[in-house]
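Could you fit the two chains together into a complex? Lean on the hints.
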Amino acid sequence: MGEVTLQSRDAQSAFLISILIIAAFVLFANGASAQVQPDDVITPERADKVKDLVSPGVYQRVKNGLAMKIVETQAIEWPPPYKAATEANASKVSIGPDHRTISGYVAGLPFPNIDPNDPDAASKVIWNMQFRPIFSDDYDLRFVDCDFGYTKNGGRQGDLLESIQAGHYAGYNLVGRTEVQPMPTDPDFQSSGRYWLFALYPVLAPAELRGSGLIRHRFADPGKSDNIWAYTAGDRHVREVGEEMMNDPGGMGLTADHLAGFNAKVQNYDYKFLGHKGMLGSMNASNSPENRCVEDGGVKCAEAWEMRQIDIIEATPRSGTNAGASAKTVIYVDTEAWFPPYVDVYVTSGELYQTSIYWLANRDRTTSDAAVAVYPFKRSFIVAIETQDFKQGTLTKCYTPGPDTPDREGWYINMGTTQKEFYQTETMVRAAQ
Amino acid sequence: MYKLIAATFLAVALLGPSANAAESGPTAMASPGTHHLLASLSRHKGPAGLPSKWDKRIPLPEGAIVKGVKPPTGAAQAVEFSAPGDFDHTIAFYKEALPKAGFQLGPEVKVPARKVYSLNFTRAGVQDTLAILPDKSDPSKLALRIIYTPEKGWIRTKLAKWEDRARIVPKWWRHREEEKREKAPAAAPTQPKP
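Residue numbers (the working numbering), protein chains in the order written: chain A, 674 to 1106; chain B, 798 to 991.
You may find that some hints are simply not true.
[Said to hold, decoys possible] In silico negatives: residues of chain B with every beta carbon more than 10 Å from chain A:
(1) Pro844
(2) Ala845
(3) Leu847
(4) Lys853
(5) Glu859
(6) Ser879
(7) Asp883
(8) Ile888
(9) Ala894
(10) Lys897
(11) Pro909
[Unchecked claim] Each computed DSS-like pair below joins lysine-lysine, with the alpha-carbon atoms no more than 30 Å apart:
(12) B:Lys897 - A:Lys1051
(13) B:Lys912 - A:Lys1093
(14) B:Lys912 - A:Lys756
(15) A:Lys1093 - B:Lys907
(16) B:Lys933 - A:Lys1093
[Stated by the list, open to error] To give an idea of the chain A side of the interface with chain B (calculated C-beta under 7 Å), a few residues:
(17) Val1045
(18) Val1102
(19) Ala1104
No lab work stands behind these hints: they were computed from the structure.
For each residue, glycine too, the CB sits at the ideal point set by N, CA and C.
In isolation and in its complexed conformation, chain B is listed as follows (with noise of 0.2 Å):
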């Protein structure tokens, strides 16, 4: 019986993070018969470069590596990745992977003279892009340019209102300050120095 429940502990502390890292760990474009333990954990770590509030819940095509990253700007960020594979075929790649991944597809646009892709996609009020394009420096490759909302943990998502509020009130603050020292000459005029 305890050895029926040491092993029960066992096998959960050890399929646990797996399948955690399964579901939020960016989806591959492996076939699903690679599952393997340790594979699947080192896998789901991503390529290497990867910044680190990084939402994994996006998809990104097997062999991509990371070429750039951009700081973040406002509440976004920017990934550039080169990777292998054809332009049709990544594609439909991201237009399956996305939803399964709980994202909302949104406008896209495709010209298939010049090889340049884009989609947006939304989750909870967060809006992402990808863009596809020709890899400048190995035309056996695409560039994946995405742009994505870097994920909050649960207690920075709930403190969201307060920080956008934070941004503005110290501002307030200084406006206020400021037109008092604009006030302040008029009232009390300095003495001219000898």
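With the rest of the complex left out, here is chain A (with noise of 0.2 Å):
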């Protein structure tokens, strides 16, 4: 009876051995995943939680108070004519024998299928996030607000020093276009050899920089700097603007390079890939317009993060470019929706100098009540933007839209709103008199 007992015992061990062998396994191979459950609340003090999971500037985030809710992954489906495009194009593309450059690119994704042991592994990451499924044709965002504080002891944001609205945030792709005529490339881009136009004005508020702005022309041309012009309102003058200044913080921590992830001229760089994991990220954001915290300065309103598949870039400036002054930057980019959900950069000495994260929603519309940028499908647009910089102490929020704006319409993406002209400094200039 009891050699019984024993067997019995014995397979029985034997059984709850193996499940939990298999149960190790299981944990093993999901990895990250398991550290965090969705809806778990992630706060400060549960901060080791994700340690892994994200960035070293986002796990200081964290630390200093930004709280995450972590919620099940969602698939971000791409816009129907973007997926075409992709499927129609993409085999033709290939990276150039400089390793700066690509050929055969028509429209949609460049390349859908990257060996992470392809030598040009990298590379090809940082070209699909420059055509990526976000904003294929152009983009309009009006009434941007960005709120500028120092951190308080400990890192929480600190009282408001500076507020600035501006009117559009808009670009214009010459190259790639997949829903709005001229497709797939603009003829313009033959004589002119601009891919990208960008612009960022008039500042509304505050009422000393009220007109202000910036315009940028992007090449395809790997050895012509990008043509940046910037407005001040308080001369009245336009003035032509260094491409390493797009890198520079000035007093804002937000720049220009990392408004929308990683924005630098992509040949000003060299790619390293690190790797490719599980990681969160905040891709289906619960709130558009993102809410602003008052009691604490936005560190605490918890926002939807889900695991995510990531792949990890290092980009070095490369001699001989007007790449800025950083030595390194980290970029963690969703393979999925190709948009990094953060970025880390680092100073020469090694030390971490500054993060951005983006936060991005995928509706058909940014806010319940727009009734003109309504999409017959979902798009992913950003619902806000913040850089830490850990050197100066500044927080800086943007919010995309502002949630205080009676404008409900928001991102107008691919609906042809703004044409090339409106990327002109004649145009900026006309908007501030």
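The structure is reproduced here in structure tokens:
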């Protein structure tokens, strides 16, 4: 009887051990995702739970008060025209012998299948990010609010020191167009070589900056720097600005090169593929417009974060180019949205200098009140951008769109809202007068 | 001679305000032939219910009525109108009347299938938006949603810079005071209550 019992106990033990081994294997295989579960709320006290699931910069932010609500992972559907263009054209694209340019690109995602062992894998990821599904033709966001303040002891955002509102955050792609004529390439590209135009103007507040703005044109030629002009309202002058200034935080923390992920000219950097892993990202934010947390400066409002598949790319400035002063930028790229949920910037000494976090939503309209900018399918768009400057001790949070604006349309994406004339200095100056 | 001077003063007194009103009042869609002193004055007041700081330079179609005024949020305010008229004609009206009123036309979006339209217009670094939509309560009319920046008088325009500073400075003081409070308990621990 005892023997039988013993045998039975042995069998039970063996069974339990097998279960434990399988469970351990599953946990190990799933690795990171087992550390957090849907409905978990991550606060500074529980920051260690996400240490391996976010970048070092985001981990610092979580320790300093950035709260996360873990949710189930949701698939991000690409706009159907973009998906069709990818299927039709992907096999035609290749990286040039200089490892800096691509050839054969028409529209859609340039490299849908990247082998991590490919020596050009990192460059391919960056080019995918350049022609990402989020904005293929044009975009115009009206009324962007940015709050800027010093961080208090412990890293929490302090009271507001400056609040800036800009009228337009707009862009126009001349290549890879999938929804608005001319498609897929604007004929202007053949003559000018420009493939991306960007505008941020007019500044509406504060009053002394009213009318100021920035325009940026990017060229396909790897040796030709971006053309950038800034209009300053104080002296009513348009000035040409050096490309290296786009990576200079100045007083604000957030740089033009990090307004929407990693925006620097692709060919100004060398790239290294650091790995691919499951990490957290806020790609389906629950609020649009994003909430401004009045009571604590915006650090305790837990947004939705989910497990995503992330490619980690290191970018180092290429000598002889106008890349900025940062020594190293680590870009965490979501391999479905091809947009980075966060980017860490390091200085020469290897110290973490800056972290930018991007919250994205995936909907058919920016706000429930939108009546004009309504799409027949879901689109991804940015709802908030935050940059913590660890050196200066500043925190900048931009709301895209601003939560206080009465314009409820938000993002106009691929609607032909802006034409090329909008990206001329004359138009920027006229808007200020 | 005195009669001539008196008549000139009287003419200036009567015509002056009407000329000013015509310049600053909302441009109506009506034909210029209807200009008549009293009618002009009453018409240029705009429809009833307009907010007190409505930008009178923004044109309104004839017959537009105010459906709702949203409280100001930030620098801008939204007013919703209902107006009779054809979708395309109303768009054409605004594209003609806004530049005449001194505005620069900005980006526009027209979705004919849904009869919705959005136009951005600026003046002196101020950005306004017009949206034209179907009026849900009366399909024969159009809904207009105008987001505008309230007019500021000369003094307030000059003081705007200081107004913006004033919004920030008190918070900066609070921030410093809060920091002092945060440090205070460590410096002087409170006595335990008996």
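Practice task
Say whether it holds or is violated: alanine 894 of chain B keeps its Cβ farther than 10 Å from all Cβ of chain A.
Solution key: About 18 Å separates alanine 894 of chain B from the closest Cβ of chain A, which puts it past 10 Å; holds.
Problem - Hinted contact valine 1102 of chain A with chain B - closest CB pair below 7 Å - result: violated (10 Å)
Practice task
Sort out whether lysine 1093 of chain A lies within 30 Å of lysine 912 of chain B, counting only the CA atoms.
Solution key: Between lysine 912 of chain B and lysine 1093 of chain A the Cα gap is close to 25 Å, so the pair holds against 30 Å.
Problem - Per-residue hint verdict: valine 1045 of chain A, partner chain B, C-beta under 7 Å - result: This interface hint holds because 4 Å falls under the 7 Å limit.
Problem - Check on isoleucine 888 of chain B being off the interface with chain A, judged by Cβ distance over 10 Å - result: holds (13 Å)
Problem - Non-interface claim for glutamate 859 of chain B, where every Cβ of chain A lies beyond 10 Å - result: holds (24 Å)
Handout entry: Pairwise hint evaluation, lysine 907 of chain B against lysine 1093 of chain A, where the allowed Cα distance is 30 Å at most
Key = holds (17 Å)
Exercise for the section: Sort out whether lysine 756 of chain A lies within 30 Å of lysine 912 of chain B, counting only the CA atoms. Expected result: Within the cut-off at roughly 28 Å; holds.
Practice task
Take the C-alpha atoms of lysine 933 of chain B and lysine 1093 of chain A, compute the straight-line distance between them, and say whether it is at most 30 Å.
Solution key: With Cα atoms ~35 Å apart, lysine 933 of chain B and lysine 1093 of chain A exceed 30 Å; violated.
Practice task
Test the statement that lysine 897 of chain B is away from the interface with chain A: the closest C-beta pair must be farther apart than 10 Å.
Solution key: holds (16 Å)
Handout entry: Interface exclusion of lysine 853 of chain B relative to chain A, criterion Cβ beyond 10 Å
Key = holds (19 Å)
Problem - Exclusion check [proline 909 of chain B not at the chain A interface, CB over 10 Å] - result: holds (12 Å)
Checked against the numbered hints given earlier, the structure breaks hints 12, 16 and 18 and satisfies all the rest.
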